[in-house]
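Protein chains: 4
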Amino acid sequence: MTLQVGVIGTGMIGQDHIRRLTNVVSGVEIVGVTDIDQARAAAAAPAGAEVFTTPSALISSKKVQAVIICSWGPAHEEQLLASIAAGKPVFCEKPLVTSEAAALRVMEAEAAFGRRLVQVGFMRRFDADYRRLKAVIDGGKLGAPLLFHSVHRNASVPEGLYTSEMPLNDTLVHDADISRWLLSDEVTGVEVRVPRRSTRGGALRDPVFVLLHMASGALVDVEISVNIAYGYDIRGEISCEAGVAALPNRPATVISDASGIRQAIPEDWRERFIEAYDQEFREWIVAASKGTAGGPSTWDGYAATLVADAALRAVTSGGLEPVNMIPKPKLYAAPTAMAAE
Amino acid sequence: MTLQVGVIGTGMIGQDHIRRLTNVVSGVEIVGVTDIDQARAAAAAPAGAEVFTTPSALISSKKVQAVIICSWGPAHEEQLLASIAAGKPVFCEKPLVTSEAAALRVMEAEAAFGRRLVQVGFMRRFDADYRRLKAVIDGGKLGAPLLFHSVHRNASVPEGLYTSEMPLNDTLVHDADISRWLLSDEVTGVEVRVPRRSTRGGALRDPVFVLLHMASGALVDVEISVNIAYGYDIRGEISCEAGVAALPNRPATVISDASGIRQAIPEDWRERFIEAYDQEFREWIVAASKGTAGGPSTWDGYAATLVADAALRAVTSGGLEPVNMIPKPKLYAAPTAMAAE
Amino acid sequence: MTLQVGVIGTGMIGQDHIRRLTNVVSGVEIVGVTDIDQARAAAAAPAGAEVFTTPSALISSKKVQAVIICSWGPAHEEQLLASIAAGKPVFCEKPLVTSEAAALRVMEAEAAFGRRLVQVGFMRRFDADYRRLKAVIDGGKLGAPLLFHSVHRNASVPEGLYTSEMPLNDTLVHDADISRWLLSDEVTGVEVRVPRRSTRGGALRDPVFVLLHMASGALVDVEISVNIAYGYDIRGEISCEAGVAALPNRPATVISDASGIRQAIPEDWRERFIEAYDQEFREWIVAASKGTAGGPSTWDGYAATLVADAALRAVTSGGLEPVNMIPKPKLYAAPTAMAAE
Amino acid sequence: MTLQVGVIGTGMIGQDHIRRLTNVVSGVEIVGVTDIDQARAAAAAPAGAEVFTTPSALISSKKVQAVIICSWGPAHEEQLLASIAAGKPVFCEKPLVTSEAAALRVMEAEAAFGRRLVQVGFMRRFDADYRRLKAVIDGGKLGAPLLFHSVHRNASVPEGLYTSEMPLNDTLVHDADISRWLLSDEVTGVEVRVPRRSTRGGALRDPVFVLLHMASGALVDVEISVNIAYGYDIRGEISCEAGVAALPNRPATVISDASGIRQAIPEDWRERFIEAYDQEFREWIVAASKGTAGGPSTWDGYAATLVADAALRAVTSGGLEPVNMIPKPKLYAAPTAMAAE
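Heads up: the sequence lines are chains A, B, C and D, in that order. With our numbering, letter number 279 in the first sequence gets 279, and the count goes up by one each step, no holes. To convert, count from 1 in the second sequence and add 341; that's our numbering. To convert, count from 1 in the third sequence and add 682; that's our numbering. To convert, count from 1 in the fourth sequence and add 1023; that's our numbering.
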């Protein structure tokens, strides 16, 4: 009953998932790893796991029942297509792929296979706070959601490595995905406004303010601040017709001292979402053990790709950039049977 | 040492101010009232106060040292100009006037007089929560303010009486004024987005989402929801370079019962801002007793008029509507000497 | 309609009340002051106020309609009795008197006069947070109050001047009075426990933990910590049969910075209760203008005296020290007609 | 590397632990179960697990590496002694045993074995909120802990089944254990006060108010209310020399609706402590796999037994009942090497 998995890519996030699957989450065994850096792969491999020389060798190995893709984005398409061709469930870290065309090809392959095989790494959907928030909205007592105020703040980003495209390419996709999920809606257009620049980030375009126009007419505004010094702070508040629902403060000891009455704020995403990552894999393992996938789908990865593309266009155009999705394939039409989704 | 004042307009807000000046605030005596409805004026007049037949009679009366204007907006310009001509300090309820041209005429008259005489009724500037928030921003430890998220929610508005222009004409002016004051900045442009409509307001355009572009580059986003059922909820959060400052929950007993752990929310603006109104008049009386005015000025009323005009244009145009103010007259250049300002 | 008052005692608290009655509260005029230090009295006297040489001269002066006693405790009895003999409403700072016998004499005098004349300075009853808390309890939805957890923390106390008796003599009386008022109950016994001593107060007995046994059977536990460094923090939570009601955090800007998400705490009692003091006098003026008194009564001052005496005995005895009050005189039986009480 | 465990007792809590070890926690396999009700044991046994006819057969089975005791309290001593005799790590649900003499016998057996083998089921020590609270206290910045206010509220208890001894026997032991752990201290005496009775519990003695006197002089006050209707609410606040640390509100969506601004409260202990139970077993498995035990020890179970006994005596006596523990055996002297402890 233990799922035998292979891990492609043993960089920072790959190593973290290997630790998670080895020490925290049950029902899974890592039987193979691979990386373009074979030494790194060997160092990361748990006892008993085979080090494969190529992703395709790992994917096609009989001992590998399911695949975890933690390689860099441009490599995802090929690895996803190979996994689907092999009929193996696959967990794929963000981004799903790096172009709309690639996303369409992966969806076509999955549709041709006839069953969902891919879960994309939007871990926020597994966070307990977001799940409770969605339950309140879905409960319907507050009426239809009309406005969603989503806030994404990083204490800092690596100077030089973090470019002005990244708030839209890497960060906004989380807010876009969680907006689609919380509101059970789709993004139809994106606007970007660039406010006064923070002096803390040098030439970096920071903060960025984004409006997501949803199919229902609901409007999402997103604050992205990536050098705000004080911590990693994720906030969200949904204004509905007859009330408002919001993420709470993170649980932290309430201290009264010379700084006032206060609660600590997470330092980074690892601290904030550590349990969401664990839960993400718990649910993936359950679905993969049945030969399928739940949670964020190829469709969701496709949507994120289009939103990021539109956001980058909107920075330049200053206008409302449309997000034109294809009709939703049947494979993604119905919610999966997974309880928490 | 008691300031002798006359009140023009004895409708709801006028009566409330008469009650306030009679029972709550010290250093003031109402010596005259007037209203287009003489019977209403007579009924509202405190003991010993004269009922004048016209505003101009009240303004020119020797027993009236200072004037409070609570008449309807279209009458304000004439009453303001008469008060300034008489050299009498004047408190004027919102709106200052109803057109840009009128605002310019009032500013010119005040400039010609050579001293500030007008205080406009933006009571939020006298609210303790907003004042503490401004003190934090002005303190500078959080760095420059970059984004301000301002939320204005009404439980309900009078059906039929409240039109789709009013969120921009009557409500937005508060958010615009408090934004200018909190950020020590000016509005240079306005955008309006109209999200999915609440079914609770019939055909009313509700909610409305507004972006105020500030001269510094700071961006203000404003949620206006006027039928949200649960209460009168005013929120504000300012993202700065190195931290965030926000209005707190209103003080209210923390009750743990079947509804959870909870605090009541004010029912309406009277409950929320009652102390701000009191303080507004305390400070007006101090300044008026010295023959001048502090707090929100004719300049601020002028700015509010331009923002409301731009917002109404922006609804139609869908674009960024500029707010082009004249150069700031010297009279309004320096902050007044009032401590709390 | 302005109440003409005389102030006995122009030390720190007397000066603060003179400022309050001159600048903040309406409907009152200070026409006389006196102090054992005549120079201090002269310095504190507002323009136009007479400096009396003795309290009795002030009390008997025809120009004085009502009396405010801010002298030291041992002088209160004589000044209260003289005021009552003169039939003049009197506001008396804590402590009412310094012995049970004295309290009984003042009550007898007031009873003989036939109308309440004395209001004691328990300002917490005029604090908006405590009033809302009482309204919730009195509303009855939570059922009968069973336990009250009352917390009194000072940042620091003056070294050398503050003795180990003072937490029970000066501080506990506030918690005792507010307990009686919130629970509409009487104290019947007192226990004191002395926990591990804080090293911040030297030899001072700090903190102190007190149990008040109430006539209804409800139990009040009181934490008194007077050197806790971080601020002046007054807390209270009442456990009822079907829920809990508690004082909220004080309103303060919510700041997110390197110290976490936080709100400032008041520095001292002046900051915490400034509005309660104002309101205390507003209501006193209304009652005194009618020749009577509302709010905390001689009976309440008597109760406080007995509780403090019992607490001091309990420190020594280690046991439950009874509080034996006389039957409640009719004069104090019914709640006064004052709305807020 | 998978720990093979046997479970004694398949009632409610036993079944919940079987579910937990099968579906949630990794590194463990249930290889045997037993219960006085053989049918119940058979129904609860996971696939592949042997149903033993007696606890001793399970304990002595070679396939069982470690034992989980979920039987009723009076059976614990014999099962613990047998497990220790077999040299097998054992997790024992509360109460450790039901008499002081039995606790001493178990400690002697463990001491004779020479290594810790027993972990007692005080799951609060594994709760993230309590752990953060302890980290703040242990960090020392707030100075020594002087007072701990611990609140334990149940929405309701089973009528008829829940007796007046149970708040002290079953509930207080949690507050006592967490007090000892948070303050790194021992209980030396217990007082109990019985306030006004809640009408919601019929003849049940509810609420109960307890004082724990600690060896350091610190004082712990405990509110136990078991019929408070609104939810399961566990609170704790520690007053130190230079500040205060408290458990936060539970994470729950912040909803603004007709009930105010509010957060839900857990319904029962299962909801509140579900993650603590999971973590309790994760850490037990790690230690048991090494042939030893960490976390709450036999010593801690012994302490709880003495506190409960003293509390029951204190109800009758009305006085301070001493808790006289034997000198701490060396086996329990040093903190275990477990990181989280």
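A few of these clues could be false.
When the alpha-carbon atoms are kept at most 27 Å apart in a straight line, the in silico DSS-like pairs for lysine-lysine are as follows [claimed, not checked]: (1) Lys-776/C to Lys-1010/C; (2) Lys-1351/D to Lys-482/B; (3) Lys-141/A to Lys-1010/C.
Stretches of chain C that chain A covers, calculated by requiring three or more beta carbons in the stretch to come under 8 Å of a beta carbon on chain A [to be verified]: (4) 733-744; (5) 905-915.
None of these hints come from the bench; they were simulated from the model. Glycine included, C-beta positions come from ideal geometry on N, C-alpha and C.
Against the earlier hints, flag every one the structure doesn't satisfy and list their numbers going up. Failing hints, ascending: 2, 3 and 4.
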